[in-house]
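Asker: We have chain A; now place chains B and C onto it with these hints.
Protein chains in written order, with the numbering used here: chain A, 1 to 267; chain B, 1001 to 1273; chain C, 2001 to 2344.
Derived by calculation from the structure, the hints in this document are not laboratory data. Think of the CB as a built atom: it goes at the ideal place given N, C-alpha and C, for glycine as much as any other residue. One thing to keep in mind: the hints can contain errors.
To list a few chain B residues with every Cβ distance to chain C over 10 angstroms, as calculated [unchecked claim]:
{"#": "1", "residue": "Ser1002"}
{"#": "2", "residue": "Leu1055"}
{"#": "3", "residue": "Val1062"}
{"#": "4", "residue": "Gly1087"}
{"#": "5", "residue": "Trp1093"}
{"#": "6", "residue": "Val1115"}
{"#": "7", "residue": "Ile1126"}
{"#": "8", "residue": "Ser1183"}
{"#": "9", "residue": "Arg1189"}
{"#": "10", "residue": "Arg1225"}
{"#": "11", "residue": "Ile1226"}
So, partial list: chain C residues that the calculated Cβ filter (under 7 angstroms) puts toward chain A [stated by the list, open to error]:
{"#": "12", "residue": "Thr2026"}
{"#": "13", "residue": "Val2028"}
{"#": "14", "residue": "Phe2032"}
{"#": "15", "residue": "Ala2035"}
{"#": "16", "residue": "Gly2053"}
{"#": "17", "residue": "Thr2060"}
{"#": "18", "residue": "Gln2069"}
{"#": "19", "residue": "Ala2072"}
{"#": "20", "residue": "Gln2073"}
{"#": "21", "residue": "Glu2075"}
{"#": "22", "residue": "Ala2076"}
{"#": "23", "residue": "Asn2108"}
{"#": "24", "residue": "Gly2110"}
{"#": "25", "residue": "Thr2208"}
{"#": "26", "residue": "Pro2211"}
{"#": "27", "residue": "Tyr2311"}
If you want the footprint, here are the derived chain C segments under chain B, 3+ residues with CB under 8 angstroms [stated by the list, open to error]:
{"#": "28", "region": "2219 to 2230"}
{"#": "29", "region": "2321 to 2335"}
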Amino acid sequence: MVRAVPNGIRIAAYAFVALTMLLLLAPLVVVIGVSVSESQFIAFPPNGLSLAWYRSVLSSDAYLRAAALSLQIALMVTASATVIGGAAAIALHRRNLPGSAVMATFFLSPLVLPTIIYAIGMLMLWSTLFGGVSMMTLWLGHTVICLPYVVRTTLAVLSESDPFLEEAARTMGANRIQRLVHVVVPQCLPGLAAGAFFAFNISFDEAVLSLFLRRADMTTLPVQIYGQLEFSPDPSVAAVSTIMIGITILLIVVIDRVLGIKRFAST
Amino acid sequence: MSDRTESLLLTLPGLLLLGLAFLVPIAQMLVLSIEGENGPTLAHFARFLGDPFYLGVLWRTVRLSLIITVICAAIGFPLAYIMARVGPRLRLWLIVLVILPLMTSVVVRTFGWMVLLGRSGLIPDILRDLGLAGRSFAIMHTEPAIVIGMVQVLLPFMTLSILGVMTRIDQRLEEAARTMGCSFVQTLRSVVLPLSVPGIVAGSLLVFTLSASSFITPNLLGGPRIQVLAASIYRSVTQTLDWPFAAAQAVILFAGVLVVMIPYVALTGRGNG
Amino acid sequence: MKTRLAVTTLAIATLSSGTALAQDKTLVINSFGGAYETAHKECIITPFEQENGATVQIVTAYSADAFAQLRAQKEAPQFDIIHFSGGQEIVGAQEGLLSPIDASKLENIGDVYDFAKANIAKGEGPAYSIAAIGMIYNSDNAPKAPASWKDLLDPAFADHVVLTDISNGYGMLGFLMLNQVQGGSLDDIQPGLDAVSTLLDNGAIVVTTSPEIQQEFAQNDAWLAAYASDYAYTLRKAGLPAKFVQGAEGTPASYITVNLVANRPNQELAMKFIDKTMSAEAQTCMANALRYTPTNAKAELSDEVAADVAYGEEGVKGLLRFEPAKIEANRAAWVDAWNKTIAR
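Isolated chain A (complex conformation):
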């Protein structure tokens, strides 16, 4: 820590972090509370205490299948978006292509339009060309909307990087591939990691594209939850969310134990 931080500021920092966490976590506390409620409707504070909703979710084929599909798509999308977006960001950062600036904006454009417009356009296109949608459609669609996050976060990190490192590696005789793998990619790792993380989350929670680009056997978790709400808005949807919160925390603890905290938290 740089010299002593004044005490007043230190206290203010604690208070600030506490308040921010309150804002971020308040609705999650509600969700967790609702999930253990005995009542058939979403109410807080919960009436009674029961794990029945967990039982009903975990024994429901529909939820489990949906969760498996969401996970599969999110992983595929994380891989494709990180590789494609990361590569593009590295090239855009060099600014040696005509219209680099325009291209950087172009890569952000999928964020600007409401996904409903994109979803309908994609559905029309795929139906016309291929007679229907498939996993491929959903994968491409999700990759498109996740790409901007990777490009942005990687570009931001690269802008702070040392341009002379790559030059030095060149002088030392490293070829293109070596320079890319050993110098450039490590430099943008924090950005890539943040981008990959966003991509996973966006894809996992995406409801609109998944709602329209699907067949009977392609129902993702958010779509399953949405479909449950109209006629049976019960605490089972809260139980699903609580399970996801639990899995996230668990996953991070495991990563911490197995890989060690430092590597992961260098983000």
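Answerer: Chains B and C in isolation, oriented as in the chain A frame:
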């Protein structure tokens, strides 16, 4: 292979993907905005731009997005700084807490807010007990409800964007500034802040565009009486089934966001804005 | 929306999903999720599969989303059968997305009330269930039981009234009824809009979706809402003190229709599905599970169920239907006017 060729090869997959799987379907949809019964028409745009109601919706969308972005930056910058300066284990847990909201389904999370902000919700109840509000007071279905709900989901994007840049700032620069007699706050302002600008720019762009284009949270928390453009587009697509008008609104949203973004990118200068 | 694409040359054939699903004995349909889908399976889908040795694939999609999907997939629809509850079949038939239905090929259609099958030759599928629009009230907390649609405006309910946005099908019908008792008509919705302004001034709130109504009754002490009989039952099943009454001035009917999608190879099997849906036993089962009015005159309901729905020749006569074609023709303009009225 020249440097240019290498750059081209690196961008090619992205350009192809966006070209074929984004531009083509979007174009197919947006071209509807000039479709009329007797050939091309600007009637759908005229309907929007000539109606104070829709102009109000556009203005609210841009205004709320700006407010949300500013609040996210105001919280995200100090938060990222604290995260960058604490030990790795605490940092990890702060990161986990910041991203947890992203791990719950948007619909469910929004129901959480509805419980807290509704008429008999916790927060209005407390305000009523303090004598600060009347019986029908609620935060639900107001603009502040939209802002609160959106800041909660978008803060991770801002914080992590800034954090990524901030961890790369050489701490010795700060030490140097302190040694030269700068106070803590002065150091923050003249060393850390300028160096974090690329992160703030990247985060702001994400937050601003996401606020402008998302509709589930604003729709549920703002209610039908406080519409934003993206929610209006969703209605046109699924309820009134007026796709040309939906397309026109999307074009206007796109243009509106660009009008705000381009000067911002230009002002923040050479950075990778 | 045809041929908008002047042929994109990405002929990556492997991307094609193919429509291999469209085999002889498979149907793709939509259902509405949750308890509805459970009942739908039990009453219609599973018996149909067993009787015909067929497989039915269900896509959970509400009417509005399903219609958007159907329209976007005009070139290659994935549904064989599509169910609507918001009048979408009228637009669907106009746009040629739905096929005309030949009544002579349906065994059960003869038992169905005439009004429920009026336009099947045009492509508007027959109604198999009817939700009655009336008033849901909180029987524990409300100061009195509402009887007339005008009670919505009674100051006794004031800020405990929940209105539903007219982008919601039930909301639209409730609003048109309010408009009618205030002296308006389908050519003049101003009296209704004025009444809505008064309600909002009194502190009423506006919601868009069904779960929000549940939320208001469960959490925020709502007393009165204009909505449908089936949802009152949903609330009651969840343990909320919600009762349903029909307004004295009349009960608008919301139809749930089963439609035959055009350009599908399997229409013969699909027709059998429609026939099954129209049968007395299927409709009785749906009424028992979800409290809908059957449209098959031979459907027999127990007293308990009959008390919750409009039932029998006489009961059904009391239902009134706002001319659906007129609603469709005016929908965009009405939604515009409504939005401007409720905007803060």
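Asker: Hint by hint, note whether the structure agrees.
Answerer: How the hints compare with the structure:
Once the 10 angstroms rule is applied to beta carbons, Ser1002 of chain B is consistent with being away from chain C; the minimum gap is 29 angstroms. With a closest Cβ-Cβ approach of about 12 angstroms to chain C, Leu1055 of chain B is found to remain outside the 10 angstroms limit, as its non-interface label requires. Against chain C, the non-interface label of Val1062 of chain B holds: every CB pair exceeds 10 angstroms, the least being about 17 angstroms. With 10 angstroms as the threshold on Cβ separation, the claim that Gly1087 of chain B sits away from chain C holds: the shortest Cβ distance comes to roughly 41 angstroms.
At roughly 32 angstroms from the closest C-beta of chain C, the C-beta of Trp1093 of chain B stays outside 10 angstroms, upholding its exclusion from the interface. Distance to chain C contradicts Val1115 of chain B as a non-interface residue, since its nearest Cβ pair spans about 6 angstroms, not more than 10 angstroms. Ile1126 of chain B, annotated as away from the interface, keeps every beta carbon of chain C farther than 10 angstroms; the closest lies near 16 angstroms. Its beta-carbon lying about 46 angstroms from the closest one in chain C, Ser1183 of chain B satisfies the requirement of being farther than 10 angstroms from that chain.
Against chain C, the non-interface label of Arg1189 of chain B holds: every CB pair exceeds 10 angstroms, the least being about 39 angstroms. Under the 10 angstroms C-beta cut-off, the non-interface status given to Arg1225 of chain B relative to chain C is violated; the minimum distance is some 5 angstroms. Consistency note on Ile1226 of chain B: stated as away from chain C, yet its beta-carbon is not over 10 angstroms from all of that chain's, at 6 angstroms minimum. This hint is violated: Thr2026 of chain C has a C-beta 9 angstroms from the nearest C-beta of chain A, more than the 7 angstroms allowed.
Taking 7 angstroms as the C-beta contact cut-off toward chain A, the hint placing Val2028 of chain C at the interface holds, the least distance being around 6 angstroms. Because the closest C-beta pair between Phe2032 of chain C and chain A is about 6 angstroms apart, less than 7 angstroms, the hint holds. This hint holds: Ala2035 of chain C has a C-beta 5 angstroms from the nearest C-beta of chain A, less than the 7 angstroms allowed. For Gly2053 of chain C, the shortest C-beta to C-beta distance to chain A is roughly 18 angstroms, which exceeds 7 angstroms, and the interface hint is violated.
Interface hint at Thr2060 of chain C: satisfied, since its Cβ lies 4 angstroms from the closest Cβ of chain A, which is below the 7 angstroms cut-off. Interface hint at Gln2069 of chain C: satisfied, since its Cβ lies 6 angstroms from the closest Cβ of chain A, which is below the 7 angstroms cut-off. Checking Ala2072 of chain C against chain A: minimum C-beta separation of about 4 angstroms stays under 7 angstroms; hint holds. Evaluation of the Gln2073 of chain C hint against chain A yields a held restraint, the C-beta minimum of about 4 angstroms falling below 7 angstroms.
A least Cβ separation of about 5 angstroms between Glu2075 of chain C and chain A falls short of the 7 angstroms threshold, and the interface hint therefore holds. At its closest, the beta carbon of Ala2076 of chain C sits 4 angstroms from a beta carbon of chain A; the interface hint therefore holds under the 7 angstroms criterion. Hint status for Asn2108 of chain C relative to chain A: violated, with the closest Cβ pair at about 25 angstroms, above 7 angstroms. With a cut of 7 angstroms, the hint placing Gly2110 of chain C at the interface with chain A is violated, because the nearest CB-to-CB distance is about 31 angstroms.
For Thr2208 of chain C, the shortest C-beta to C-beta distance to chain A is roughly 12 angstroms, which exceeds 7 angstroms, and the interface hint is violated. A hinted interface residue such as Pro2211 of chain C counts as satisfied when its beta carbon comes closer than 7 angstroms to some beta carbon of chain A; here the least separation is about 4 angstroms, so the hint holds. The interface hint given for Tyr2311 of chain C is broken, as the beta carbon of that residue sits about 22 angstroms from the closest beta carbon of chain A, more than 7 angstroms. Only residues whose C-beta sits within less than 8 angstroms of a C-beta in chain B count toward coverage, and the region 2219 to 2230 of chain C has 3 of them, enough to reach three; the restraint holds.
For a cut-off of 8 angstroms, the count of residues in the region 2321 to 2335 of chain C with a CB near a CB of chain B stands at 3, and the three-residue condition holds.
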